[in-house]
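Listed here are the chains, written in short residue letters.
Protein chains: 2
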Amino acid sequence: MRDVYVIGVGMTKFGNFPTWPGVKEMGEEACFNAMKDANVTPKDIEAGYCGVVGGIGRSQGPLAGNLAMKQVGVAGVPITRCENGCASSSTAFREAWIAVAAGLYDVALVLGVEKMAGLPTRMMLKAMSQGSDMEIEGAMGMTFPGVFGMVAMRHMHNYGTTREQLALVSVKNHHNATMNPHAHYPKEVTVEKVLGSPMIAYPLSLLDCCPVSDGAAAAVIASGDVARKYTDTPIKILTAVQKSGTFLDTLDISTFDITVRAAKEAYRAARLEPKDIDLAEVHDCFTIAEILHNEDLGFFKKGEGGKAVEEGETEINGKVTINASGGLLAKGHPVGATGVAQICELVWQLRGEAGARQVDGAEIGLAHCMGNFSHGDGGTCNITILKR
Amino acid sequence: MRDVYVIGVGMTKFGNFPTWPGVKEMGEEACFNAMKDANVTPKDIEAGYCGVVGGIGRSQGPLAGNLAMKQVGVAGVPITRCENGCASSSTAFREAWIAVAAGLYDVALVLGVEKMAGLPTRMMLKAMSQGSDMEIEGAMGMTFPGVFGMVAMRHMHNYGTTREQLALVSVKNHHNATMNPHAHYPKEVTVEKVLGSPMIAYPLSLLDCCPVSDGAAAAVIASGDVARKYTDTPIKILTAVQKSGTFLDTLDISTFDITVRAAKEAYRAARLEPKDIDLAEVHDCFTIAEILHNEDLGFFKKGEGGKAVEEGETEINGKVTINASGGLLAKGHPVGATGVAQICELVWQLRGEAGARQVDGAEIGLAHCMGNFSHGDGGTCNITILKR
Numbered sequence: 002m003r004d005v006y007v008i009g010v011g012m013t014k015f016g017n018f019p020t021w022p023g024v025k026e027m028g029e030e031a032c033f034n035a036m037k038d039a040n041v042t043p044k045d046i047e048a049g050y051c052g053v054v055g056g057i058g059r060s061q062g063p064l065a066g067n068l069a070m071k072q073v074g075v076a077g078v079p080i081t082r083c084e085n086g087c088a089s090s091s092t093a094f095r096e097a098w099i100a101v102a103a104g105l106y107d108v109a110l111v112l113g114v115e116k117m118a119g120l121p122t123r124m125m126l127k128a129m130s131q132g133s134d135m136e137i138e139g140a141m142g143m144t145f146p147g148v149f150g151m152v153a154m155r156h157m158h159n160y161g162t163t164r165e166q167l168a169l170v171s172v173k174n175h176h177n178a179t180m181n182p183h184a185h186y187p188k189e190v191t192v193e194k195v196l197g198s199p200m201i202a203y204p205l206s207l208l209d210c211c212p213v214s215d216g217a218a219a220a221v222i223a224s225g226d227v228a229r230k231y232t233d234t235p236i237k238i239l240t241a242v243q244k245s246g247t248f249l250d251t252l253d254i255s256t257f258d259i260t261v262r263a264a265k266e267a268y269r270a271a272r273l274e275p276k277d278i279d280l281a282e283v284h285d286c287f288t289i290a291e292i293l294h295n296e297d298l299g300f301f302k303k304g305e306g307g308k309a310v311e312e313g314e315t316e317i318n319g320k321v322t323i324n325a326s327g328g329l330l331a332k333g334h335p336v337g338a339t340g341v342a343q344i345c346e347l348v349w350q351l352r353g354e355a356g357a358r359q360v361d362g363a364e365i366g367l368a369h370c371m372g373n374f375s376h377g378d379g380g381t382c383n384i385t386i387l388k389r
Numbered sequence: 002m003r004d005v006y007v008i009g010v011g012m013t014k015f016g017n018f019p020t021w022p023g024v025k026e027m028g029e030e031a032c033f034n035a036m037k038d039a040n041v042t043p044k045d046i047e048a049g050y051c052g053v054v055g056g057i058g059r060s061q062g063p064l065a066g067n068l069a070m071k072q073v074g075v076a077g078v079p080i081t082r083c084e085n086g087c088a089s090s091s092t093a094f095r096e097a098w099i100a101v102a103a104g105l106y107d108v109a110l111v112l113g114v115e116k117m118a119g120l121p122t123r124m125m126l127k128a129m130s131q132g133s134d135m136e137i138e139g140a141m142g143m144t145f146p147g148v149f150g151m152v153a154m155r156h157m158h159n160y161g162t163t164r165e166q167l168a169l170v171s172v173k174n175h176h177n178a179t180m181n182p183h184a185h186y187p188k189e190v191t192v193e194k195v196l197g198s199p200m201i202a203y204p205l206s207l208l209d210c211c212p213v214s215d216g217a218a219a220a221v222i223a224s225g226d227v228a229r230k231y232t233d234t235p236i237k238i239l240t241a242v243q244k245s246g247t248f249l250d251t252l253d254i255s256t257f258d259i260t261v262r263a264a265k266e267a268y269r270a271a272r273l274e275p276k277d278i279d280l281a282e283v284h285d286c287f288t289i290a291e292i293l294h295n296e297d298l299g300f301f302k303k304g305e306g307g308k309a310v311e312e313g314e315t316e317i318n319g320k321v322t323i324n325a326s327g328g329l330l331a332k333g334h335p336v337g338a339t340g341v342a343q344i345c346e347l348v349w350q351l352r353g354e355a356g357a358r359q360v361d362g363a364e365i366g367l368a369h370c371m372g373n374f375s376h377g378d379g380g381t382c383n384i385t386i387l388k389r
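The listed protein sequences derive, respectively, from chains A and B. To get this note's numbering, take the position in the first sequence, counting from 1, and add 1. To get this note's numbering, take the position in the second sequence, counting from 1, and add 1.
These aren't lab readings, by the way, just hints derived from the structure by calculation. A couple of the hints might just be wrong.
Since the list can't tell identical chains apart, any single copy or any two copies may satisfy a pair.
As the list claims (entries may be wrong) - In silico DMTMM-like pairs for lysine to aspartate or glutamate, Cα to Cα no more than 25 Å straight-line: (1) Lys14 x Glu136; (2) Lys237 x Glu312; (3) Lys265 x Asp107; (4) Lys303 x Asp253; (5) Lys265 x Asp45; (6) Lys188 x Glu316; (7) Lys265 x Glu47; (8) Lys188 x Glu354; (9) Lys302 x Glu26; (10) Lys44 x Glu266; (11) Lys37 x Glu138; (12) Lys237 x Asp361.
Model the full assembly from the supplied sequences, consistent with the hints where possible.
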């Protein structure tokens, strides 16, 4: 398999746009920005991959990629929708990487997009219930906040993680978001404000949970043979690993076996260790998730993720910068867009273009994205490692 | 890219099963049958790809592949949902082919599945509207029967295709289905019965339209390096080509430019001509579609597709056997399952295991699958060519 590089990225601002723009217009903006950044024209694009969950509010799943890409003149070529819940566009990114690495295409466009705003809660719950086993967990009302509330309780029980440590994740990520022009909630919050926000699923309150967002993100990738034709700053894809859950094998919900397995394979493939990672975008759908995944990714010993946040080790230029973008918690979480939005942040950081939130001397970045959750384990976990 | 082979296939019977089995159980049956046919165990499977549209009745899109594959012990490995409307599982098959050809995996499992029965018409129309531009064509009520009614009218106007010729496609495919134990409607129909069935969208009546079906189909593919370890009759994938629509470029709806472009590339890649194809499974969502696609695939001159049916050239052991399985019209059309179900039929035929509907001496088979339709052109067209 050939070397593959990210040669351009682009995003929309994340936010809530109940009426406009829609999937097509947001997709258009992200694709246009990425293609401009990559210095490619529509005729350079040999394939398109789109990550979108769809079926949520005005979010069209089928054809969303085709409709959005057509807006920027990309049509006729193979366009494939990949859907793996919140990991949809990290999956799409990986499939594009496989196809370019295989030699089938030299240049491919990857889009992640979602339009979630304005959906009544009842319909949102129904749509989201398909991210677990609809016939069992869906019917039982086993929502994601419910799952992660239990995860938090177990982590606190096992390791003495505190409610304040959870809140500090939200404080850090909201602070980072104030420096990110694409963020949905670029506002400082305090521990008191997090603790005082409405309770969602004990011990998680509103500001422990990522918001429902609209947005799009895109990336152009190219084979090593042609990457430098387009850019002087190609960012190398060291590996893109994907795992699915094993179901019922996870007896201890304070660790996600799926992340442990994916990380192990990713580090081996990239010939790296956790200590080599300068910054990571981690799937912080809830505050507890960031703490738990930081441990499972090997950045901290099991049980020490809460303490690490408290001691500032995950802040920008800490031991390992986690979610410099603001993460899902504050940058926002338009589900289908999140995977590629993580790639955008890594690329900007590795090119030294992240402005006020720049991680000094960033050379290696890791993106961790998860989708769905069923029978006690994650549905999908994608880990992508990029190098300057 | 390496040579890749289909080493096993399996299906459920297609039909309407309003309460049971669901996506998980149907997926399980198809996967089990394909894995048994391929002589593989769950631990041999290195990746799973699932084509499912979802959001239709009890059809779960997200996680459907994971849930179904877990039933046969396939878990932990990367499992990716691909969705391209009615071409979802032909897209999944192609992505699996790319990944195995790339050298990333040696053995992969591909599943197509859909559960459509029992959905109220209003909700079905809403679900299906996402297969076109939801904001424009969906809002206008531009349904697929409406589109293909117009296509039929244009074809009749341009080429003198007759209403009876359309009906004969349905007669032929229903006849073929009587010899297929997996078919949804294994019943003979006559031209009179087709013409007398309720009008849906002029000139198409009920028996000109494919049914709403439930079902699943699966295939196991393997690299040339390992295929013969599992089977003595590997079927070679000569090529798998995918195109998307160019939108608004099709001024004449009596031809589908997307099929013409995909076919041209497929024949070039496989170093074949249309006359080399012994049998084809063609996307006959409506009777007119088979006639039109047979022309666009190069089996007959433009405008002569109707006459070819009338003269028996598309019957089993005719000039080119079209839809020996009964096709979408009579085998049924559980949308996500159709692409892989076409592969199943080709594999059985090429191995000489198709029983009463066997095409004599079949050596090369072609599958043509389309998904979505927007702005005057198809959303996705997949063409796969297999060789004994």
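Numbers of unmet hints, in rising order: 2, 9 and 11
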